[in-house]
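From just these sequences and the hints, can you work out the full model?
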Amino acid sequence: MQAGLPMDLDTITAVLRPAGLDELPPWREGDAWLAGGTWLFSEPQPALARLIDLSALGWPAAEISEAGLRLSATGTIAELDRLALPRDWVAAPLVGQCCRALLGSFKIWNRASVGGNLCTALPAGPMIALTAALDGTCLLARPGGGERRLPVTAFILGPQRTALAPGEILRGIDLPAAALRRRTAFRRIALSPEGRSGALVIGTRDRAGAFALTVTASTPRPVQLRFDALPAAVALQEAIAAAIPEDGWYDDVHGAPDWRRHVTGLIAEEIREELAR
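Be aware that the sequence shown starts at 1, since it is given in the UniProt record's numbering, and climbs by one per residue.
If you are wondering where the hints come from, they were derived from the structure by calculation, not from laboratory data. Careful, some of the hints might be misleading.
Simulated restraints, written as ranges between beta carbons of each label pair [stated by the list, open to error]:
id, residue 1, residue 2, range
1, 43, 15, 16 to 24 Å
2, 256, 13, 24 to 32 Å
3, 148, 53, 21 to 29 Å
4, 13, 148, 26 to 34 Å
5, 177, 82, 14 to 22 Å
6, 90, 13, 46 to 54 Å
7, 93, 273, 15 to 23 Å
8, 43, 13, 37 to 45 Å
9, 16, 228, 22 to 30 Å
10, 273, 43, 23 to 31 Å
11, 105, 245, 31 to 39 Å
12, 13, 42, 42 to 50 Å
13, 93, 276, 33 to 41 Å
14, 10, 90, 47 to 55 Å
Cβ coordinates follow ideal geometry from the N, Cα and C atoms, glycine included.
Set out below in structure tokens:
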């Protein structure tokens, strides 16, 4: 039972712990995948009847290869922050920056999963920002076998909405080595020092000069702008305005749309100037 809930609100009738994908039960209404559970157990979930715990599947938190970096969906924020990456992956500092954008105690860091941060699909999710900015691709395991791949920017559909079909599992996220060799610039702003991100913007630039800007937290889903070369300041602001309409800015207690639009423009220019050097 979730802490703090009276007995008559405990709807969970079973918790299953499969040891492999071949042991997953057939998906049914009222099921939920359980990884870290930091969001799942944070509020009542009256529609749920059965939890399927993925922690026993034994997926490594991360795998480094010549192709790039695979992040396991069940790997924790703490494991990701401790990860030692190859020296030529100059984007490596971005990993720690995004981990620290998840404000929480050491208990949260050691339970919250990378995949859970994506699947919860909150606009301020820093793992969404990290993986979208580094051209991440989601690996989705289908019920009954098989898999499909989807860019992170297409996986997140909106606040608490993803492209997962019923019974699908986010198995991992692949980050290509080419993206990890790009220079990066990170900016985050919130209404208070310990507040949820109101805007989290990441810029990347490769050796050929191509520039990309990924906007998260200030928009309901990630927005990515790409340029063959570093744009002028005016061109960048015009591109942001064209990609994000007036009604395309997120609105909640962590920031009004006009404020989010304004600060996103400011920190986008800071990023452009940093990567121009």
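Q. Which numbered conditions among the earlier hints are violated in the structure presented, ordered from lowest to highest?
A. 2, 8, 9, 10, 12, 13
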